[in-house]
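Student: Taken in sequence, the protein lines are chains A and B. So for the first sequence, my numbering puts the first residue at 1; every next one is plus one. So for the second sequence, my numbering puts the first residue at 1; every next one is plus one.
Note that these hints are calculated values from the structure, not bench results. Keep in mind that the hints are not guaranteed to be accurate.
Pairs involving identical chains hold if they fit within one copy or between any two copies, as the list cannot separate such chains.
Cross-link-like lysine to aspartate or glutamate pairs, in silico, EDC-like; alpha carbons within 20 Å at most [stated by the list, open to error]:
hint : residue 1 : residue 2
1    : LYS70     : GLU29
2    : LYS113    : GLU101
3    : LYS117    : GLU106
4    : LYS49     : GLU82
5    : LYS112    : GLU98
6    : LYS126    : GLU108
7    : LYS117    : GLU101
8    : LYS70     : GLU128
As the structure is a prediction and not an experimental result, all values here were calculated from the model.
There are 2 protein chains.
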Amino acid sequence: MTDTIEQKCLLKGVKLTDQRRLIAKVMSEASDHPDVDELYKRVSKIDPKISIATVYRTVKLFEESGILTKHEFKGGKARYEELNEGHHDHLIDVKSGEIIEFVDEEIEELQKKVAEKHGYTLVDHKLELYGVKKNLNK
Amino acid sequence: MTDTIEQKCLLKGVKLTDQRRLIAKVMSEASDHPDVDELYKRVSKIDPKISIATVYRTVKLFEESGILTKHEFKGGKARYEELNEGHHDHLIDVKSGEIIEFVDEEIEELQKKVAEKHGYTLVDHKLELYGVKKNLNK
DNA sequence: AAAATTAATGATATTGATTATCGATTTTTT
DNA sequence: AAAAAATCGATAATCAATATCATTAATTTT
Ligand SMILES: [Mn+2]
Ligand SMILES: [Mn+2]
Ligand SMILES: [Zn+2]
Ligand SMILES: [Zn+2]
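Produce the complete structure using the sequences and hints provided.
Tutor: Below, the structure is given as structure tokens:
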């Protein structure tokens, strides 16, 4: 594990309130990719007074500060996860919805090359793989 | 060029009405990736009586029939294009919004490999590159 | 070919996620 | 401590997309 979101906020000068700190903590502890409703549920368990508006505001703030990243997977609502130094992409099980993270340096390199070939500098990319589990027993 | 959308409908047994035929024609002639509002504008010029509801219904029908494909690029509304045999991905100019199509067989292969490595069969994928134009005169 | 049935359309209401507003509360600055 | 600024909770507004429903068009049955 790396820096906690709270520490990142300190570092980046993002002011923390009790509500933000709680959202930060819950997101730091999450190992999945919760959407806002799910996140709201989790923080509500600890602070039942928190407003869904604050959750929306805070993930947006954190995203704009480069602390969280937002995913818009096929057809669903926006999901969030902590942004750490190691970039990764996602393989999504179309049956179960399970999300597997992966990195493929070769693909990353080729993406840059494609952009260059067209006269562009790559500034961002989105790679999502959708798959079905293979039958392992023969 | 390949088959027209109207012909594809015939082939796939998708019933055509005047409105659907018009939407099919406009989409077949499009070389870009219009969203529903833009498409509605284009067909309205020819048939001012057409309803936006019909446009929404028809792109959905065509998509479910494998005739159109829907793109959900970052932050915007859904965009559509005709689905032809040759698959391609997109490089988006973040300044101008211009969309460049590309195919990279190497990336395509590697994606399959990544899925396999995790015990999955790749059934779909989304690859979007976001770039800024390079300064060519240097 | 007329009647009955089914499908598609246009207009509009509804939904669902997200953003905006606004008065109240908390925090920071004078 | 008063004034100003920031954040909050509650809720209204927005926006894309879907659902509803009465009307019109197409298809099937008599
Ligand atoms: Mn992830
Ligand atoms: Mn395209
Ligand atoms: Zn990547
Ligand atoms: Zn591809």
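Student: Now tell me, hint by hint, if it's right for this structure.
Tutor: Outcome of the hint check:
1. LYS70 / GLU29: The answer is within: 17 Å in one copy meets 20 Å, while 35 Å across copies does not.
2. LYS113 / GLU101: The answer is between: 14 Å across copies meets 20 Å, while 23 Å in one copy does not.
3. LYS117 / GLU106: Cα proximity of LYS117 and GLU106: in one copy and across copies (16 Å, 15 Å).
4. LYS49 / GLU82: neither (24 Å within a copy, 49 Å between copies)
5. LYS112 / GLU98: between (28 Å within a copy, 18 Å between copies)
6. LYS126 / GLU108: both (11 Å within a copy, 14 Å between copies)
7. LYS117 / GLU101: between (28 Å within a copy, 12 Å between copies)
8. LYS70 / GLU128: The answer is both: 13 Å in one copy and 15 Å across copies each meet 20 Å.
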